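Asker: Sequence:
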Amino acid sequence: MEEPRRLGGRYELGGVLGRGGMAEVYIGHDIRLGRAVAVKTLRTDMARDPSFQARFRREAQSAASLNHPSIVAVYDTGEDYIDGISIPYIVMEYVDGSTLRELLHSGRRLLPERAMEMCIGILQALEYSHRNGIVHRDIKPANVMLTRTGQVKVMDFGIARAMGDAGMTMTQTAAVIGTAQYLSPEQAKGEQVDARTDLYSTGCLLYELLTLRPPFVGDSPVAVAYQHVREEAQPPSVFDPELRPEYDAIVMKALAKDRDVRYQSADEMRADIERALDGLPVAAASAPTMALGMGGYGAADGRTMAMPAQPGGSGGQAGATSILPGVGGGYDAGGDGYEPGGYDDDGYSSRSDRRRAGNGNGRSRNTSVIMLVVAAVLVLLGSFFVAKSMFGTGSNNTTASVPSLVGEDYATAQGQITNLGNNIKLVKGPAIACDTGTADTNKICKQNPAAGQTVQSGGTITVQLSSGPITDGVPNVANMTVQQATTALQNAGFQIGQQSSAASATVPSGSVISYSPTGAQAKGTVINLVVSSGQPQAQVPSLLGLAPADAQAALTKLGLVPAPQGDDTQPTQYAPGTVSRQSVAAGTPVAPGTQVQYWTAPASQSPSGAPSPNPTDTGNPTGGPGNNGNGNGNTGNPFGGWPGG
Numbered sequence: 001m002e003e004p005r006r007l008g009g010r011y012e013l014g015g016v017l018g019r020g021g022m023a024e025v026y027i028g029h030d031i032r033l034g035r036a037v038a039v040k041t042l043r044t045d046m047a048r049d050p051s052f053q054a055r056f057r058r059e060a061q062s063a064a065s066l067n068h069p070s071i072v073a074v075y076d077t078g079e080d081y082i083d084g085i086s087i088p089y090i091v092m093e094y095v096d097g098s099t100l101r102e103l104l105h106s107g108r109r110l111l112p113e114r115a116m117e118m119c120i121g122i123l124q125a126l127e128y129s130h131r132n133g134i135v136h137r138d139i140k141p142a143n144v145m146l147t148r149t150g151q152v153k154v155m156d157f158g159i160a161r162a163m164g165d166a167g168m169t170m171t172q173t174a175a176v177i178g179t180a181q182y183l184s185p186e187q188a189k190g191e192q193v194d195a196r197t198d199l200y201s202t203g204c205l206l207y208e209l210l211t212l213r214p215p216f217v218g219d220s221p222v223a224v225a226y227q228h229v230r231e232e233a234q235p236p237s238v239f240d241p242e243l244r245p246e247y248d249a250i251v252m253k254a255l256a257k258d259r260d261v262r263y264q265s266a267d268e269m270r271a272d273i274e275r276a277l278d279g280l281p282v283a284a285a286s287a288p289t290m291a292l293g294m295g296g297y298g299a300a301d302g303r304t305m306a307m308p309a310q311p312g313g314s315g316g317q318a319g320a321t322s323i324l325p326g327v328g329g330g331y332d333a334g335g336d337g338y339e340p341g342g343y344d345d346d347g348y349s350s351r352s353d354r355r356r357a358g359n360g361n362g363r364s365r366n367t368s369v370i371m372l373v374v375a376a377v378l379v380l381l382g383s384f385f386v387a388k389s390m391f392g393t394g395s396n397n398t399t400a401s402v403p404s405l406v407g408e409d410y411a412t413a414q415g416q417i418t419n420l421g422n423n424i425k426l427v428k429g430p431a432i433a434c435d436t437g438t439a440d441t442n443k444i445c446k447q448n449p450a451a452g453q454t455v456q457s458g459g460t461i462t463v464q465l466s467s468g469p470i471t472d473g474v475p476n477v478a479n480m481t482v483q484q485a486t487t488a489l490q491n492a493g494f495q496i497g498q499q500s501s502a503a504s505a506t507v508p509s510g511s512v513i514s515y516s517p518t519g520a521q522a523k524g525t526v527i528n529l530v531v532s533s534g535q536p537q538a539q540v541p542s543l544l545g546l547a548p549a550d551a552q553a554a555l556t557k558l559g560l561v562p563a564p565q566g567d568d569t570q571p572t573q574y575a576p577g578t579v580s581r582q583s584v585a586a587g588t589p590v591a592p593g594t595q596v597q598y599w600t601a602p603a604s605q606s607p608s609g610a611p612s613p614n615p616t617d618t619g620n621p622t623g624g625p626g627n628n629g630n631g632n633g634n635t636g637n638p639f640g641g642w643p644g645g
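Heads up: the sequence shown begins at 1 in UniProt numbering, then just goes up one per residue.
By construction, these hints were calculated from the structure, which means they are not laboratory data. The structure presented is a predicted model; accordingly, all values stated were derived computationally and were not measured. Watch out, some of these pointers could steer you wrong.
Quick list of in silico lysine-lysine cross-link-like pairs, PhoX-like style, CA-CA up to 20 Å [to be verified]:
id: 1; residue 1: 428; residue 2: 443
id: 2; residue 1: 523; residue 2: 446
id: 3; residue 1: 446; residue 2: 428
id: 4; residue 1: 443; residue 2: 523
id: 5; residue 1: 425; residue 2: 446
id: 6; residue 1: 443; residue 2: 425
Could you build all of it, start to finish, from the sequences and the hints given here?
Answerer: Below, the structure is given as structure tokens:
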């Protein structure tokens, strides 16, 4: 089995999470801390260019300086070497969720209030970054993550710059950096940007969340950028008449061409949104919010033009500002950027009511006329669906219900999609680690659109095969109580297995001594625990008859504390100088450190129960010399002692 690629001796790379024109993002595993991470690496073909190297490192510096719950955290940076080429990488927080781009492409319409709440999260991140002197410069749906719990996280500070940088414009090597559909007028014109630039892009994003389309669409990035400078966006309510006027006012103020008319800070825009959500009047409603073009830009002859560049990238003279070739191509590991030589308008095709760049008639349309046209279209559509329901459609359905493909292999899924007809295609996306219970390799783990949703005739269904189960580091639960360990493991996605007990001299009773398995494990893995039953017990040895030194050694060996008490005052049968008595009976289980007292038989005491030594008896019971012949033995010692002489 091939060893996974490892960066810095610490980060093992797994499957690809996303690719862009400049970088690739992998799911990774930090083997030191046992946690999942996202690792962004500069593409090898880009690594030879010092400007890309510098831009990549600038992203790391910008993001690493920001520590906020609504900003994807940067943990580490480093360099890898492939064929002698330095490949920088950034280790980031792994966010379990999806981008707003994926949400928008799913076709699901958000409640306006939910869209506003998401925008608040973005503005909180920008509020923090602006306060720290950093402008993001590339706010777009692909750069905003939404976690499974609904939290918003802004990422990809690839073209972020400090506000104080001299000449902080968007023109670099004859290209405008950023994504055309979210490009501010000053970015399109190559002027210096500031915090209000991010607010314009946020307004574009909010517009799309509310209407499922960006404020401007066109046949090319240049056409879209031109509209950002010259065209007036239609209010969101044109596309969704149910939107409240306050929402229109907030969006249109954010989209003002003149920066001085826009919101002046992320905090100001956030406060207005919160007032709207609370049903209060908003500041934007009383301010001029017409997103008018800047005077003097280009020639108003009805044509979309790529203007010649002006040295320095800024200025306000008539006809001097340029919309440079190659709009887009910005750093986008999520694949949302525009590749050189091509155009990706984020999935929005041309519409009959699209406003062409340079078309002066578009600005003079009366809203009531538009509403009449919309009403007529709705009547025609209603008639069509009535006829469709009455006369049937046979096999010419324009939509189909998406089947559930998760858990199937690709060939089986291909057959199901073929049976749908309507020229619907199945597209295989990059393999991903899977936590849906279908972690078998090469089984479908994720599909878009989801099962039960509809897909248009000629549309596509994207599936991602499983590269294996999602792995994560097992939390260190040693020394935790069983309840604490159980909570920690379950929160990390693991199950609790067997619990065995063992004595421990260091771990309190009821706490975890050890657990297995450890390290990176698949979600749902069963973790077994060894729980402390308390201090290990020692059995007191028998000390009787031992020399004091031997008794002391026997107790010390078992972790018990010897406590000699001197000579024994009680009668004993043990030899003088040996242990004759102990305070704790032999065989008693005690905790280590227990004190055991013992006494020693005195040298002057005869053992109890032993016969007294017989005196030398020289007498004669029948009389004889020295006993006066009375038969009582020694008359000099009435107790039968030694002869008195």
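Asker: If any of the earlier hints don't hold here, list their numbers in rising order.
Answerer: none
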